[in-house]
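> So you can see what is in the structure, the chains are spelled out below.
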Amino acid sequence: MRLKSGGHIDRTTTIGFRFNRKVFTGHPGDTLASALMANGVRLMGRSFKYHRPRGVLTAGSEEPNALVELRTGDRQEPNTRATMIELHDGLQARSQNAWPSLRFDALAVNDRLSNLLTAGFYYKTFMWPASFWEKLYEPLIRRAAGLGAITARPDPDSYDKGYLHCDLLVIGAGPAGLMAALTAGRAGARVILADEDFRLGGRLNAERICIAHMAGSDWAAQAAAELVSLPNVRMLPRCTVFGAFDHGIYGAIERVADHLARPAKDQPRQILWRITSRRALLCAGAIERPIAFADNDRPGILTAGALRAYANRWAAAPAGRVAVFTNNDDGHRTVADLQAHGVEVAALIDARAKAPDLPGVELLKGAQVTGSRGRLGLREITVRLASGELRRIAVGGLGVSGGWNPNVALCCHQGARPEWREKIAAFVPGRALPPGLGVAGAAGGAFSTHAALETGALEARDALDALGLAARAPDLPQAEDAPIRITPFWHVAAKGRAWLDFQNDVTVKDIRLAHQEGFRAVEHLKRYTTLGMATDQGKTANMGGLAVMAELTGQSIAQTGTTMFRPPYTPVTLGALAGRARGALFRPARLTPSHHWATEQGAVFVEAGLWLRAQYFPRPGESQWRESVDREVLATRKSLGVCDVTTLGKIDVQGSDAAAFLNRIYCNAFSKLAVGRVRYGLMLREDGIAFDDGTAARMAEDHFVVTTTTANAVPVYRHMEFARQCLWPEMDVQLISTTEAWAQYAIAGPNARRLLQKLVDPDFDISNEGFPFMACAELTICGGCRARLFRISFSGELAYELAVPTRYGDALMRRIMAAGAEFNITPYGTEALGVMRIEKGHVAGNELNGQTTALNLGLGRMVSRNKDSIGAVLSRREGLNGPDALHLVGVRPKSPQTRIPAGAHLLERGAKPVAANDLGYLTSACYSPSLQSYIALGLLKNGQARIGEVLRAASPLTGQDVEVEITSPHFIDPEGARLRA
Amino acid sequence: MHDLSPLTGLGASTPREDTIGAVVITDAPDWALASVTARAGEGHDCREILADLLGAPCPEVARHAQGPQHGAFWIGAESWMIEAPFDPARDLALALRTVLGARASVTEQTDAWVRFDLSAPDLAPLLERLSNLDHAGMAPGTARRTVIDHMGCYLLRHAGHATIYAPRSTARSLHHAIVTAARSQQSGRAPRA
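Taken in order, these protein sequences are the chains called A and B. Numbering of the first sequence is given in the working numbering, commencing with residue 1 and proceeding in unit increments. Numbering of the second sequence is given in the working numbering, commencing with residue 1001 and proceeding in unit increments.
It should be emphasised that the hints constitute simulated quantities derived from the structure, not laboratory data. From a predicted model like this one, the values you see are computed outputs, not experimental measurements. The beta-carbon is built from N, C-alpha and C at its ideal position, and this holds for glycine as well. Hints may contain errors.
[What the hints assert, rightly or not] Ranges of calculated distance between the beta carbons of each label pair, as one might list FRET restraints:
1) Arg-865/A to Ala-1102/B: 39 to 47 Å
2) Asp-481/A to Gly-1137/B: 52 to 60 Å
3) Arg-527/A to Ser-1119/B: 54 to 62 Å
4) Pro-1121/B to Lys-22/A: 44 to 52 Å
5) Ala-149/A to Ala-1139/B: 47 to 55 Å
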């Protein structure tokens, strides 16, 4: 029901919304929960396991019961807390976990079967047959249990992320947080004030207390206005700090557009902020805990503080006649506030025999609520008076207060445990807080308004002191400073199920069962009963469960301890964690200089790391990729092909010790390489295993250009930098990557030189004599464009790599294609590149697999014994050089058209395909259009001695078993005549 | 003069400019770059020559210096990136080699990078969506290495605008990241004091 007056809602504006398809109205300032309550709706959902009718329990983010599916279509979102949803025009929500309707839910039959469905029932019940678990039991249980449903469709909203920095992060904008922010903000510190609510003030908006002789909510508004006016303070309402991480970093989710029907164009729905703080202050308040009694979960039963909040902030109440059940003075405050709003309080049931008097209400001292009635909502409570007499009281609402738990979660995200404080019967933050984090207000156990203001100011000042910033001693406004009077009381001993965890349907009886069955440690208790799991993480439940377990074990609550607190504090949308990185934008793409040209040619691209490389260039009429690749290979070998090889890593090595440096980096010698010449080089890891191969071109006495494989461009550069900075800092050598600076194209085939002669400016001699195999030069092309030319070949053909500044890469590719037309030039992609290198017997990433040595790769003689280099010594280990060492070999099927599976293992004919008979494995396989046969490269034990033998290539994965002949790995032009032509 | 037509990092023949609210994002291809690293024992001389060239002291760690013709920012120990307006007829790296001789290793870097200039009355709200640097605390003349959407970048703060250098091959992804963040920031700007 809506109360006649009061509340921080705009009664001049009415907005419409739907709940379970029924139309209701509310006001700006309402939450979905408050608006439903104001419309007389107490039943809002069904419970997780027993499908019990449930209404709202709290007024904040700790809500376990009132979970709804929000919005429709692609924007439907399950398990959304009605207490956190700002009402807006057109809002649509549905209750969940109920069928066919909320009022009549067929699965409520579970409630009748509760004796069978106790804690851990599925561990015991669904044990056999074991095969049924995945196929039958689990799907059935999942269908019956659970909460809301996801749409399984793409989220249409966008999410953003960002990074903030501050001197002081204040988490929570209640009295402590506002006072802390004012203290630090007035001192000129950079402050961020974040609060999960859309209205700053915390409990000040939910109370009738005064600060500085004005309503607490007015003081909060005044403080917020001052903070907004300070240029050094950033306010983040609707922003939940969900995790405390290392080095003063906090994760926060700002709900930018959740209070709108849908985000505006380009507006993110939420922003994930990573806040780097020099100091942080937790002012997150406290959460009230219920007292467990039989059937304490009926709609209409709320925490007392929530009942008060709905009346004070939203002018709403679950009924016109209510009662309050408490063990502390705060329950008395609820009675006073409700009465002030005209709500009839039938009785104040105080479990304390010596409860203080409260005029104007029937106070039942030493009494306990033992049960409730009402099928879909509270109708009546049963009270056991101090005398033992039972009394029934007709009420539509009940506020229950078992005391308040400081909100310590963020204090414990880095493994710290809270400490028990007897005086308030609650855990408070321990001494081992995350570095830089302080605590103020109710989060630290300072429950009065005065204490909150005082600790907020003092903690802020201490934080600023630690940063060397001076803060003035604050003038604290006058506020109430009521003492905390509580007698711990956790549950009512009586028949019936008394609920502890509303979200997971865990009762006092379940805790007893866990104790009986030996699951007494709190972490075991949690897993066995599911206490404290799911979306609310047991914010209202855990304390009760621990207390009951403590009673059963005879330990104190402090000895019983708490479970581990972990981020996120409240649920975080996965989309917010992904931010802008989703779909095709999941990671950046690196485009080659010829990318746009290749796209025009219809190239099919393949990811190579972050690079997009042309894989092949299909032509009209080619329906299979093999047709394109075969054509590209044959055309290149016959006449001329061009391939973008910009992605190969390029590292500029300069300095008077450049040659000596490369001599140590590569296992083969470089010091005597002549200027204008290129040499193939092999790098080893420290353990002697091959790391990467490439070339080094000597552009000048003190200048080399090193190339790496595409995949290892960064690792090789990092390796070289490590060697330069850490191993040999005395060397005069300088490194820098130039991979991106040059567009580089491989031009291969018998007509490669003839093409280049059309491009290279006439001043430069690129004849076979003037520019022989493994030559390099800086020259100009196309009338003066600076270029680098390397005569190197991966394909085995007469080949060059031509590089120009990247901005001219597109134009050069078009020029190459135009100039090469007379030679029927063919662009080729990475597939043809791979085929040609296998035909030639060149190793690549498949062979440089982190397990092979130079010896394995047929490059053993490259490891110079005349000098030292990284990995050289360890490459000579006995175990790597035995008679059974693997050697690179070529493999051809006995039947040329029989495909050889890559990765197949080599076996003797007739040998069983078991590990003991393994002779080696295939690393690369392809169809060779040049040989019109499938071919492969492989590593075979003592392979060089076995050339000419017939073995089997067997793949346990594909089931293929192929007879193969072992050959030289150099299928094409083994003498190298073509590349020297 | 050769006849190969250049393309920008975004693959266009002319630089692109995007205006999103108060933010202007400009593709700036007309800058030449070359890295300069002092040879062993040549740091002092190298700095003096660069200071003469710049008309300003050689920048220290995480700083940028701007002279009448050249700019420079620190990229490593005794190592700087030199900037100058791009002139197809002038080879910046060659010019630097000429003045520095054997005192430094000079490497052509012009086309290794794509450059975007960002301007707005207040750039911090945009930059805080892109990089984890403390932008509000970055004075003009600051040059920092940072990561934007997984891409390693240099971020230079000037009076009134900022410059981002990123690997040229990532130009399209970086541009998309900046534009998306700018639109997001303009449309969903959080209250800021």
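> Hints first: check each against the structure and report whether it holds.
Hints versus structure:
As the Cβ distance of Arg-865/A to Ala-1102/B is approximately 33 Å, the hint placing it in 39 to 47 Å is violated. In this structure, Asp-481/A and Gly-1137/B break the distance hint of 52 to 60 Å, their C-beta atoms being roughly 40 Å apart. For the pair Arg-527/A and Ser-1119/B, the supplied restraint of 54 to 62 Å holds, since their beta-carbon distance comes to about 56 Å. For the hinted restraint 44 to 52 Å between Pro-1121/B and Lys-22/A, the CB-CB distance of approximately 49 Å keeps it satisfied.
At roughly 52 Å, the beta-carbon separation of Ala-149/A and Ala-1139/B lies within the given 47 to 55 Å, and the hint holds.
In the structure shown, a violation is registered for the earlier hints numbered 1 and 2, in ascending order.
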